[in-house]
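Between the sequences and the hints, there should be enough to build the whole structure, so can you do that?
Number of protein chains: 2
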Amino acid sequence: MDEFQLIERYFVRADEDDGVITGIGDDGAVLRPNPSLDLVTVVDTLVEGVHFPAGFDAADIAYRAVAVNLSDIAAMGARPRWMTLALTLSKADEAWLDAFATGLFEAASEHDVALVGGDTTSGEKIVVSVQITGEVGRDAAILRSGASPGDTIYLTGTVGDAAAALELMSAGQSDDYLQNRFRRPSARVDYGRLLVGSASAAIDVSDGLFGDLGKLLAASNVGAELDLRQLPLSEALQANFDAESQRRFALSGGDDYELCFTSAGASLPDAGGLRVTAIGQVTSGRSLVCRDESGIVEYVDSGYLHFQ
Amino acid sequence: MDEFQLIERYFVRADEDDGVITGIGDDGAVLRPNPSLDLVTVVDTLVEGVHFPAGFDAADIAYRAVAVNLSDIAAMGARPRWMTLALTLSKADEAWLDAFATGLFEAASEHDVALVGGDTTSGEKIVVSVQITGEVGRDAAILRSGASPGDTIYLTGTVGDAAAALELMSAGQSDDYLQNRFRRPSARVDYGRLLVGSASAAIDVSDGLFGDLGKLLAASNVGAELDLRQLPLSEALQANFDAESQRRFALSGGDDYELCFTSAGASLPDAGGLRVTAIGQVTSGRSLVCRDESGIVEYVDSGYLHFQ
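Residue numbers (this note's numbering), protein chains in the order written: chain A, 1 to 308; chain B, 1001 to 1308.
Quick caveat, the hints were computed from the structure, so don't treat them as lab data.
Any given hint could turn out to be false.
Within a straight-line C-alpha distance of at most 25 Å, the following computed PhoX-like cross-link-like pairs (lysine-lysine) qualify [as the list claims (entries may be wrong)]:
#	chain 1	residue 1	chain 2	residue 2
1	B	K1215	A	K125
2	A	K125	B	K1091
3	B	K1125	B	K1091
4	B	K1091	A	K215
5	A	K91	A	K125
6	A	K215	B	K1215
7	A	K91	B	K1215
Distance ranges between label pairs, derived from CB positions [said to hold, decoys possible]:
#	chain 1	residue 1	chain 2	residue 2	range
8	B	A1171	A	A140	57 to 63 Å
9	A	T102	B	I1296	55 to 61 Å
10	B	S1170	A	E244	53 to 59 Å
11	A	Q230	B	S1109	44 to 50 Å
12	B	V1012	A	S267	43 to 49 Å
The beta carbon of each residue, even a glycine, is placed where N, CA and C say it ideally should be.
This is the structure in structure tokens:
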């Protein structure tokens, strides 16, 4: 199976009315964006042995590769539309590719994203780069730099689950709920779009809440006081780990792909079934201060707890 | 040096008035395309040990990674505008990164392409994925599928040089001209844009003329008769190899990044100093027939002669 056959067989799917004038199969894709909107472009890569273990399920690799990009799109408040795939593989195993394509289109179709181009190459380790372009109202994209003192800091969903899953995995254990949170992260695309006009700033939590919130604060030239008692934790996280580990995973664990955002408003858009929790306040200082039942506590960020 | 510092140091450059509303440093880039144009998106990946040898000059790796994408943009007749970079590295060596960034921006600035986003990851081998988005008039993109019987087939520049350079390299030899053709391919962006309205179909020669022209013919449901005596060969290629090798490199060698296009017109846009050669005719058959001084000759395509 050469590259051309591989692409035809696994990656060409019928497009609906999605702004794709010419899709896969030419030197490039021709796209027609909405002329009154801005574009948002994101790119994220998953590397075998770094972002997922060797032998990880192909459908999950593909699903995650799309989801982590959708999460960046969500953090900008944009609607995802088109994606390209750069896939490096050691061999073109048909069962693997079939599963990979299934996971890829599963994640993409949840948000009507069309695969419009790609490149497959050979290499020793699996490297998956997905790039997604979306649309957002002119000058309406939610940036990291818009937070002001007095804004409330919110978080969608729960944090720490993916890092907890990795910890269990490395100990040869597993919890279905946590495992699924790592394998199939839910990009908060729908809620991200609703946050346009409500959120003053947003970032997706990919490298750990403490670090990612820190980036948002730095971009906004503000500080924050975080109430650690308010951190939204899943029942599964609490059932499997002690309080110290829970806090470490929630603050420094990566791969949760929740949205952390700030808002000055008294009310937020209806999040449907999605949990949205106020976790702190933006301050005029320059530091990120943590508070718990004992008062101000020092937290040393251990950094992104990824696979390796 | 963490990823954030690495990006700040090497990849953030001041943008001019280039449609970039928000560049590197947020979850995604915000771009404002011309509302009356279509977008063209391409992606291409270079893998260490496959597309370039280990130890290859970092500036050349980056230059080539951009150029091969610009070549796809050129083959669509589009104007390149924005690029993203997904870079997988075994280590963040400062001298290497400095050289890489120099080569990257050298290639990009030749055509006013702005780097708007990226992702750096760690991995055992270097993998460079570049994605470029450009603009083209509405419904004006040059596709592979527009060739008609009677059209003349043209080729820019010369072919076979890059494959010849690789052959010399593997024999421990070198020719400066050929080596430079491999290291620093010239994407025919300016001429590609001029071909809008003149060319009926176009493809860039990345995998070898015979195979790439075959893809154009298949997409157009036509055949062709190629006059091998007309194949444009560089003096360096002819000086270093016998006639049989010259023909093999010219027809099956990859990595030249010239444009192969068809046109029904009696005249072509002024190519300035760029050589443009008529090499054959589109036919109503379905096969690609080669002719030389002895008449119709069979040519068995040995396929893309890449590094490995």
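Cross-check of the supplied hints:
{"no.": "1", "hint": "B:K1215 <-> A:K125", "result": "29 Å, violated"}
{"no.": "2", "hint": "A:K125 <-> B:K1091", "result": "16 Å, holds"}
{"no.": "3", "hint": "B:K1125 <-> B:K1091", "result": "10 Å, holds"}
{"no.": "4", "hint": "B:K1091 <-> A:K215", "result": "24 Å, holds"}
{"no.": "5", "hint": "A:K91 <-> A:K125", "result": "10 Å, holds"}
{"no.": "6", "hint": "A:K215 <-> B:K1215", "result": "47 Å, violated"}
{"no.": "7", "hint": "A:K91 <-> B:K1215", "result": "24 Å, holds"}
{"no.": "8", "hint": "B:A1171 <-> A:A140: 57 to 63 Å", "result": "58 Å, holds"}
{"no.": "9", "hint": "A:T102 <-> B:I1296: 55 to 61 Å", "result": "46 Å, violated"}
{"no.": "10", "hint": "B:S1170 <-> A:E244: 53 to 59 Å", "result": "57 Å, holds"}
{"no.": "11", "hint": "A:Q230 <-> B:S1109: 44 to 50 Å", "result": "48 Å, holds"}
{"no.": "12", "hint": "B:V1012 <-> A:S267: 43 to 49 Å", "result": "37 Å, violated"}
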